[in-house]
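There are 2 protein chains.
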Amino acid sequence: MKPIKVGLLGLGTVGTGVVRIVEGHQEDLQRQTGSAIEIVKILVQDKTKSRSITVDPDKLTENAWDVINNSEIDVIVEVMGGIETTKEHILTALNNGKHIVTANKDLMAMHGPEILAKAAEKGCDVLYEASVAGGIPIIRALVEGFSSDRITKIMGIVNGTTNYILTKMSQEGAAYADVLKEAQQLGYAEADPTSDVEGLDAARKMTILSTLGFHANVALGDVEVKGISSVSKEDIQYGKKLGYEVKLLGIAENHDGHISVSVQPTMVKNTHPLASVNGVFNAVYVYGEAVGETMFYGPGAGELPTATSVVADLVAVVRNLKLGVNGRTVLAPYKEKKLKTDEQIASKNFILLHVEDKAGVLAQITQIFAQHEVSLESVFQHPNAHNPKAEIIIITHDANQASMKNVLKQFESMDVIHSIKSLYRVEG
Amino acid sequence: MKPIKVGLLGLGTVGTGVVRIVEGHQEDLQRQTGSAIEIVKILVQDKTKSRSITVDPDKLTENAWDVINNSEIDVIVEVMGGIETTKEHILTALNNGKHIVTANKDLMAMHGPEILAKAAEKGCDVLYEASVAGGIPIIRALVEGFSSDRITKIMGIVNGTTNYILTKMSQEGAAYADVLKEAQQLGYAEADPTSDVEGLDAARKMTILSTLGFHANVALGDVEVKGISSVSKEDIQYGKKLGYEVKLLGIAENHDGHISVSVQPTMVKNTHPLASVNGVFNAVYVYGEAVGETMFYGPGAGELPTATSVVADLVAVVRNLKLGVNGRTVLAPYKEKKLKTDEQIASKNFILLHVEDKAGVLAQITQIFAQHEVSLESVFQHPNAHNPKAEIIIITHDANQASMKNVLKQFESMDVIHSIKSLYRVEG
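Chains A and B are the protein sequences, given in the same order.
In this text, residue positions in the first sequence follow this note's numbering: the first is 3, and each later residue adds one.
In this text, residue positions in the second sequence follow this note's numbering: the first is 3, and each later residue adds one.
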């Protein structure tokens, strides 16, 4: 078989890893696919920039169309990021009959259906394993490993930056702002960290995972998102005392076709495997009706881990080329999307209240939970030495979101409750 | 597309699960594959036996050839176990052009190469995800997820029975014999538990995983096997005190094409994710040169988890049928198998010695380690109140197996050493 020609869009961290793996593992890749794989053109922002790898300067271009419209290229590997312009590039490449491997979660979360429809029309592959959880082959697990099962819940730590920050806050008792600064200095967080810390990055990944797991077109707007910027070191310490770790979890649930997807800081029981996933590692829990609980753990980002997934997709494209079946392996979502109402979303909750330190307050509070049929698992109260308010921590049993909202609304109108300090979902 | 006809060999635990999933998820399976899947013939030992599911009695047969030679059947699902007779059945079925899905680790570990060669010759699929780690899609991860990487180490808890026993021994301080009895009563261990507790079952699974991960034909005889029947509750308690859990680990390593595969009770550092895999759960750690460390966790056995993997393979066969590419996706091992010598196998070690309680003994012992260039991480000595011997626990740094053997041989000849009580590999 003739060598497969690849065009690379982007030569940043992941792009560099892709070049390293394709060149370094050439012999294995030939064995795996039956043909040589050659990167023939690479889009860069600046041809003159110095790089950690040696690349033939003739292969570099600053013009995307040199890659997209290059007739000798079979497969485009897109690792440059971006959304609208990148979408146009990908759609044109598909119109040119090129197969696509992408690590772009933003693109796939926002425009996945349109891109996959174009791919199906053109008989092209679009693979995107690297878009979620870096080196963990979680998309393959969902699409192939559990093809026989009905997945009811996907719960994941899918953002390494926030997991690094929360791990540090937990292990060192440090404050959010300090750890964020340190993470920025170490390169684990961007100069503008909003997309990571406010949960948007995780939401995009959960959009992709829930669409694949539940066979319904979940959109980014369907995901309820809350980030970690309001997580205090006190919350983390209170959680630890009660046996919980705070983790930013993406949680997608599916009960009889009714779906909810959220990203939020969550109190995870410390006996649950997700509680001990630390630092920049990612992990995805998958619950299936038949299989029960499974977990996939690994590096969520980084040059070589992410490039491993990109090149595994490239191998899959080349194998499909050899078999002549490109574009025929994608399963379009076939289920109607029905989102859960607040009444249908249930979880345990962790609530920290600052209240007037006087008799009868706790009774009033528990009475309100009872009115809304929220039953309580445990209640902890202790007076605060420094001021005339007491702190109450309440952990509920499973309660639906509508009832919880009603409880909180009533709390807000009560003079004896000074503030609803924190509210977390509880898992595990 | 016309319905795909399946013949089922075996209607025990897993077979029952397969029937449940194929019937219960029929609509989803049709969406996934584009065609109905129908189980048309089932081999059973006794047609009159009462069962937990309702099966059309006309589908049952006590004659394997009614299934294997049945011309309407496209795919044979083999979940009856057995080796030599089953091999003949499978080979005949392949000669008849039937695709095979099997959960049979014994068969694949012993005769995998012969069966896969026949399948390639006949253009048939042979898929066996369920043969290792029940519901965990670990074979897909190795074959597809990490197709771009060089796997250097696979380390797994792949036998639920022994993990259940070791977990109980650890958590309750119970003795091996007592927990084994309990496990037998609960159905977690067989009446004859040899294959599980002596590590043979795990060895078979490691044969399969290392063959796939390292692209070399690892044979069962290449695996060094030690079971858990000699693990004492004292060893477990000593391990815990020093921060280790005893786990039966399958460990396959590959350095520059030199391979070692073993199954042995191992002291796993309690901060390593494998240390907290408890009960009948399985987990497989995979280290790749590029991806780094990943872990796959889930149920290692059971009716529905194992059936999930079997039916996922069935879905893959049907998808291949639809694409017309059966028998073309298997990658035969392409690397020469070079087994490591004792000099090339290195690990940390945990050694418990009973020694004469007198001055100078420790110096003699450490001197012998030094002679063989084994350096020590830590040494603990405490006198035993009940008799005139002391106990010494030594944890070495990475030491090669040849040196360790020499050290132990010298220990055996020393009068001051009463016994080499235990020796464990150390990981994590």
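Take these hints with a grain of salt, some might be off.
You can't tell identical chains apart in this list, so a pair holds if it fits in one copy or across any two.
[Stated by the list, open to error] The calculated DSSO-like cross-link candidates involving lysine-lysine, where the alpha carbons are at most 30 Å apart (straight line), are:
#	residue 1	residue 2
1	Lys-243	Lys-170
2	Lys-324	Lys-120
3	Lys-7	Lys-242
4	Lys-4	Lys-324
5	Lys-170	Lys-242
6	Lys-337	Lys-235
7	Lys-120	Lys-242
8	Lys-155	Lys-51
9	Lys-183	Lys-339
10	Lys-391	Lys-7
11	Lys-324	Lys-7
12	Lys-183	Lys-350
13	Lys-360	Lys-170
14	Lys-339	Lys-324
15	Lys-124	Lys-4
16	Lys-242	Lys-49
17	Lys-7	Lys-337
18	Lys-337	Lys-4
It is worth saying that the hints were derived from the structure and are not from the lab.
Verification of the hints:
| no. | hint | result |
| --- | --- | --- |
| 1 | Lys-243 with Lys-170 | both (17 Å within a copy, 27 Å between copies) |
| 2 | Lys-324 with Lys-120 | both (22 Å within a copy, 21 Å between copies) |
| 3 | Lys-7 with Lys-242 | neither (53 Å within a copy, 55 Å between copies) |
| 4 | Lys-4 with Lys-324 | both (10 Å within a copy, 26 Å between copies) |
| 5 | Lys-170 with Lys-242 | both (13 Å within a copy, 27 Å between copies) |
| 6 | Lys-337 with Lys-235 | neither (42 Å within a copy, 53 Å between copies) |
| 7 | Lys-120 with Lys-242 | neither (49 Å within a copy, 57 Å between copies) |
| 8 | Lys-155 with Lys-51 | neither (45 Å within a copy, 37 Å between copies) |
| 9 | Lys-183 with Lys-339 | neither (40 Å within a copy, 50 Å between copies) |
| 10 | Lys-391 with Lys-7 | neither (69 Å within a copy, 71 Å between copies) |
| 11 | Lys-324 with Lys-7 | both (14 Å within a copy, 28 Å between copies) |
| 12 | Lys-183 with Lys-350 | neither (32 Å within a copy, 38 Å between copies) |
| 13 | Lys-360 with Lys-170 | neither (37 Å within a copy, 48 Å between copies) |
| 14 | Lys-339 with Lys-324 | between (36 Å within a copy, 27 Å between copies) |
| 15 | Lys-124 with Lys-4 | both (22 Å within a copy, 26 Å between copies) |
| 16 | Lys-242 with Lys-49 | neither (51 Å within a copy, 57 Å between copies) |
| 17 | Lys-7 with Lys-337 | between (37 Å within a copy, 26 Å between copies) |
| 18 | Lys-337 with Lys-4 | between (40 Å within a copy, 23 Å between copies) |
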